Structure formats: C-alpha cells, structure tokens
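Number of protein chains: 2
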Amino acid sequence: MDELLNSNIQIIDLLATKNWIEKNQNIISSKLNIDIIEITADELKKISSLTTPNEVFAVVKQAEFTFKIDEIKSELSLFLESINDPGNLGTIIRIADWFGIKNIFCSNDSVDVYNPKVVQASMGAIYRIKTHYVDSIDFLTELNQVDNFNIYGTFLEGDFIYKQELSESGLIIMGSESHGISKDIESFINQKLFIPNYPQDLKTSESLNISVATAIVCSEFRRKIF
Amino acid sequence: MDELLNSNIQIIDLLATKNWIEKNQNIISSKLNIDIIEITADELKKISSLTTPNEVFAVVKQAEFTFKIDEIKSELSLFLESINDPGNLGTIIRIADWFGIKNIFCSNDSVDVYNPKVVQASMGAIYRIKTHYVDSIDFLTELNQVDNFNIYGTFLEGDFIYKQELSESGLIIMGSESHGISKDIESFINQKLFIPNYPQDLKTSESLNISVATAIVCSEFRRKIF
Chain A
1 MDELLNSNIQ IIDLLATKNW IEKNQNIISS KLNIDIIEIT ADELKKISSL
51 TTPNEVFAVV KQAEFTFKID EIKSELSLFL ESINDPGNLG TIIRIADWFG
101 IKNIFCSNDS VDVYNPKVVQ ASMGAIYRIK THYVDSIDFL TELNQVDNFN
151 IYGTFLEGDF IYKQELSESG LIIMGSESHG ISKDIESFIN QKLFIPNYPQ
201 DLKTSESLNI SVATAIVCSE FRRKIF
Chain B
1001 MDELLNSNIQ IIDLLATKNW IEKNQNIISS KLNIDIIEIT ADELKKISSL
1051 TTPNEVFAVV KQAEFTFKID EIKSELSLFL ESINDPGNLG TIIRIADWFG
1101 IKNIFCSNDS VDVYNPKVVQ ASMGAIYRIK THYVDSIDFL TELNQVDNFN
1151 IYGTFLEGDF IYKQELSESG LIIMGSESHG ISKDIESFIN QKLFIPNYPQ
1201 DLKTSESLNI SVATAIVCSE FRRKIF
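Protein sequence lines, in the order shown, are assigned to chains A and B. With my numbering as the guide, the letters of the first sequence map in order to residues 1 to 226. With my numbering as the guide, the letters of the second sequence map in order to residues 1001 to 1226.
Source of the hints: derived by calculation from the structure; they are not laboratory data. Hints are not guaranteed to be accurate.
Here are the in silico distance ranges between beta carbons for each label pair [unchecked claim]:
#1 A:Asp135 with B:Asn1190: 49 to 59 Å
#2 B:Glu1043 with A:Asp201: 39 to 49 Å
#3 B:Asn1108 with A:Ile47: 51 to 61 Å
#4 A:Pro116 with B:Asn1084: 13 to 23 Å
#5 B:Leu1202 with A:Val59: 26 to 36 Å
#6 A:Ile27 with B:Leu1202: 51 to 61 Å
#7 B:Lys1068 with A:Leu50: 35 to 45 Å
#8 B:Ile1034 with A:Ser178: 26 to 36 Å
#9 B:His1179 with A:Asn115: 21 to 31 Å
#10 B:Ile1034 with A:Leu50: 36 to 46 Å
#11 B:Ser1030 with A:Asp184: 51 to 61 Å
In this text, all values refer to a predicted model and were calculated from it rather than measured experimentally. The beta carbon of each residue, even a glycine, is placed where N, CA and C say it ideally should be.
Chain A with its partners taken away, still in its complex shape (with noise of 0.2 Å):
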C-alpha cells in the first residue's frame, strides 16, 4: 500500500476495514484526497480474488504509458516475447526493479499485466516499472535504426554470458518458457547470450524458469559496475 501511495498511479476508490482506517490515519490526512469506503472484512474477502486478503483495496487507474526510443537507447530495458504466465511476468517486473531497468517491452500476444497474480507476483514494483505492449517488429525495426544499440537474446547455442562484454545500455530479449525466441525476432539480435549450467558435460534440467533467467542475465549486466 505504501508503494501504491508513493507512486503516480491514481486511486480512485479506496475500500478498507474500520481497523485499517484507524491504524492508518497519518496517511489517510497526508496523502489521500479522496473518500474512503469503509467495509468488512467479510466484503473485502468477496470482492479481493486473494485467499487472504489485506485489511484494504484499491481500485486504481490503469496508467498508459509512453515511451521515446531517445530515452529507451541510453537505457538498459527488457523485451519479453509472448510470455503468458503472469507469475513469471510479476516476478520479471520485480527482478526489472531490483536492477534499475524501467522500462519492459512485452509482444501484443502476452499476459496482462493487470491480471491479479501479475500484480502480486510484482510485490508493489508494478507501480513503478513501466510495461509497454508493442508489435515486436516495428518495435525492433525501429531499436534497430539506433547507431551502437545493442539487442541480446537467450539461446541454448549462445555464448556463455559470463565471459562476454555486456553494455551498460541495450535490449534484453527473453523468450517464451515454452518456444524460445522465433526466427523473426531472432533476426534483430546482435548477439546470443547463453548460462551455462555445471558442470558442462552432465545431462541436467533442459532450461532453467524464465524468470529464474533473466535474473542472472541482469544481475550480469549489473555486476561489472560494483
């Protein structure tokens, strides 16, 4: 709730127990200027879609968001194609905010990112990590126009990621759990990173979850900096 209150999203009800509404009245005068709903617990449970619901519930504002690719050049960001599992998308969101990456590019056929286990999984980093829904070849036709811009993808026949330069700005591409990369957005990648396993020559799982992978790619961007 405190990140909710901290961020720009735009509340437009706010549903709580007379518990909450008590506990909380430092925030209630200093940061919210709308009315609050005061209901029971019961109620709460019937409208949250969680097992355990929190003392308090939110209906806020979809934010639509936009992006520059003047801005998105200089940056490091994450493409997600076709990803469809929305506690693999929520925990992406929170690795994105754990490493600095603002901005997270998914294609048109991916999970909503305002699906319930999406927002959870995220743990309130939602409300400040910006995800775009683009068509992935204009979106890479468009990245690919940019003198010295780097796109990286994750492939079985990749590089190992941990000998390789990686810039400090550049696209991410992760692929889906169950089909990897295609061939079409295979082409815009510059190069093919790849996570070893060990030891090299035993037979071990086929891949690792995705959201297991892209938090060590970008804990490898991130870790030359320390």
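Mind docking chain B on chain A? Use the hints.
The following block gives chain B in isolation, referenced to the frame of chain A:
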C-alpha cells in the same frame, strides 16, 4: 516422463491414455517392467491435480534419501530455512539441477517436496536432486565442525556478492521470504552475502523473490569456473 524413466525412482503404477500407450511402445517395452493401466482422458483429469493434465500419470515410491557429511563437505549444497511456497521450492530444485548442486537441505518446518506444485515447478529435476529434511541446529552443528568449510547466507546488510571469494564447496543458506534467516541459524554463518540493487541510491523493491535470489547466488558461485 523421460526424466522419471531415466531416474532411480521406483514406479509403482502407470496410468495412461490409449493414445499415449500407442505412441510410446518403445519406452514401454525397453524401460518399464510393470503393466500399464489404460484410462480415458476424463478419468485422468479426475485423478490429476493439474488443470490440463498430461496423457500419463505415474504413482511412484517416495524416495528416502540419506547423506554423509563426508560427501557434503566437498560439495556445494543449499540449505532452505522454513521455505513454505511450493512453487519456490520446485523452482529452486530446478536451479540446483542446472548448477550441479546435488543436495538441498530444508528445515523440518518447510513445505513437503512431494506437494504437487513442487513436483510441477521442478520440471523433472525432482528426480535427480536429493532433498533432505533436517533439524536445522543439529545439522549445522555437525557441519560447523568440519575444517575449512564455509557456511554462507544472504542478508540485506551482507557484503556485495560480486566482490567476494566464493569457495567451490560450502553451504548456502537462504532464509524464508517473510522472515529471512533466524538468529539461531545466523550464528553458524561465516560469510554474509548481498545481491546489490542498482543503482544503489535508488529506492526499489525491498527484496528479491527467494528462488530468484537463489539463482543469482548459485550463478555467482559457478561463474568463476568458466
């Protein structure tokens, strides 16, 4: 299914649709020495906890794993304190499999490794990784007596992991997402590690998801070998 058939897990019953049986005659004749029970897709749906069940359902003997401190002391292992989310435990088993970690130790109050959501999230890795349930204090007391054995843990006030000498063998302790590592267990830790957020001065999410943090830590331990 391949992963189960290639493991040492004992299959007690195998129930499959006609379609699966017809497509897998090779596997059936070469790798299975039990009779297969043919069932319909509808029957399978009733016995499976998955919304979209596969075409085959196996009843297997729950493995009972043992370990020797002598083996553990020369390997890298994980210790999970009070992990309660089955999706996270399954994901961590899959991560361990990728990074060549053979043994995971869980405190006795952790979620059951045979919870269906653990099995599903592990994506078959559960058949290769040994997950043990232990009394935390007894186990750590015993490991603590091994010479030159490092016990690591992740803490918000730990040293930046990117700059540390990490040993090839040792124990990595991950705390529960809600409470972190308890004081009792903290006293066994030689080195506290932290995955720094970026940029350091920006207020971001309060923490990373436990499976995401485990992935980055395991990757850091293994990266030096490449």
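For this session: If any of the earlier hints don't hold here, list their numbers in rising order.
Result: 3, 6, 11
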